[in-house]
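Chemist: Sequence:
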Amino acid sequence: MAKANTPKRPTRDEFELEELGNQLVEAKEDGDKRAFTVWGEAEKVYGRITVLDSRTRLVHVENDGVTRKIPFLGIMKVRYG
Numbered sequence: 001m002a003k004a005n006t007p008k009r010p011t012r013d014e015f016e017l018e019e020l021g022n023q024l025v026e027a028k029e030d031g032d033k034r035a036f037t038v039w040g041e042a043e044k045v046y047g048r049i050t051v052l053d054s055r056t057r058l059v060h061v062e063n064d065g066v067t068r069k070i071p072f073l074g075i076m077k078v079r080y081g
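Last residue of the sequence shown? That's 81 in my numbering, and every number before it is there in order.
I should point out that these hints are in silico values taken from the structure, not numbers from a laboratory.
Just so it is clear, CB atoms sit at the ideal spot from N, CA and C, and this is done for glycine as well.
Fair warning: there could be bad hints in the mix.
[Claimed, not checked] Here are the simulated PhoX-like cross-link-like pairs (lysine-lysine), alpha carbons at most 25 angstroms apart as the crow flies: (1) K33 to K69; (2) K77 to K8; (3) K69 to K28; (4) K77 to K44; (5) K77 to K33; (6) K8 to K69; (7) K69 to K44; (8) K44 to K28.
[Unchecked claim] Pair by pair, the computed Cβ-Cβ distance ranges are: (9) D64 to P7: 26 to 32 angstroms; (10) E14 to V66: 30 to 36 angstroms; (11) T56 to E29: 19 to 25 angstroms; (12) G65 to E18: 29 to 35 angstroms; (13) D13 to V66: 30 to 36 angstroms; (14) T50 to L73: 15 to 21 angstroms; (15) G65 to F15: 32 to 38 angstroms; (16) R9 to T67: 19 to 25 angstroms; (17) G65 to Q23: 22 to 28 angstroms; (18) Y46 to L17: 18 to 24 angstroms; (19) T67 to F15: 27 to 33 angstroms; (20) P7 to V66: 25 to 31 angstroms; (21) R79 to T11: 19 to 25 angstroms.
I would like the entire structure built from these sequences, with the hints used as guidance.
Modeler: Listed below in structure tokens is the structure:
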């Protein structure tokens, strides 16, 4: 049985993951809208972080009343939107 040839998410070291975590905490605390580059999605996700769920490792991003739950490891970049 052949494996599907799908690209794998790039691996990141502890420093990169810690830096991403710090950016997400800062974004939640200041309440500003941000642009998130998410692995496997063609377009950026825009919105405000409402919940950082450490148990499920999901980041809840709200934009125009719609909440998306994005896996922490799926977030590649966080920028001001």
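Chemist: The structure should be examined with respect to each hint, and the outcome stated for every one.
Modeler: How the hints compare with the structure:
Note on K33 and K69: the hinted pairing holds, with a Cα-Cα distance of about 15 angstroms set against a maximum of 25 angstroms. At most 25 angstroms may separate the alpha-carbon atoms for a hinted pair to count; K77 and K8 meet this at roughly 17 angstroms. Distance restraint check for K69 and K28: the Cα-Cα separation of roughly 14 angstroms lies within the 25 angstroms cut-off, and the hinted pair is therefore satisfied. Restraint check for K77 and K44: the C-alpha separation of about 10 angstroms stays at or below 25 angstroms, so the hint holds.
Straight-line distance between C-alpha atoms of K77 and K33 comes to about 14 angstroms, which keeps the hinted pair within the 25 angstroms bound. The hinted pair formed by K8 and K69 meets the criterion: a straight-line CA distance of about 20 angstroms does not exceed 25 angstroms. Distance restraint check for K69 and K44: the Cα-Cα separation of roughly 14 angstroms lies within the 25 angstroms cut-off, and the hinted pair is therefore satisfied. Taking the CA atoms of K44 and K28, the gap is about 18 angstroms. The hint holds against a cut of 25 angstroms.
Restraint check, D64 to P7: a C-beta distance of roughly 31 angstroms satisfies the suggested window 26 to 32 angstroms. Taking the beta carbon of each, E14 and V66 are about 33 angstroms apart, inside 30 to 36 angstroms as hinted. In this structure the supplied range 19 to 25 angstroms holds for T56 paired with E29, their Cβ-Cβ distance being about 20 angstroms. Distance hint check: the CB atoms of G65 and E18 are about 32 angstroms apart, consistent with the given range 29 to 35 angstroms.
Distance hint check: the CB atoms of D13 and V66 are about 33 angstroms apart, consistent with the given range 30 to 36 angstroms. Distance hint check for T50 and L73: the Cβ-Cβ separation is about 19 angstroms, which falls inside the suggested range of 15 to 21 angstroms. Separated by about 36 angstroms at the C-beta atoms, G65 and F15 satisfy the suggested range of 32 to 38 angstroms. About 23 angstroms separates the C-beta atoms of R9 and T67, a value consistent with the hinted range of 19 to 25 angstroms.
Taken as a hint, the range 22 to 28 angstroms holds for the pair G65 and Q23, whose Cβ atoms sit roughly 24 angstroms apart. At about 23 angstroms, the beta-carbon gap between Y46 and L17 stays in the expected band of 18 to 24 angstroms. Separation of T67 from F15 is about 30 angstroms and conforms to the stated range, judged on CB atoms against 27 to 33 angstroms. Restraint check, P7 to V66: a C-beta distance of roughly 28 angstroms satisfies the suggested window 25 to 31 angstroms.
Between R79 and T11, the C-beta spacing of about 22 angstroms keeps the proposed range 19 to 25 angstroms intact.
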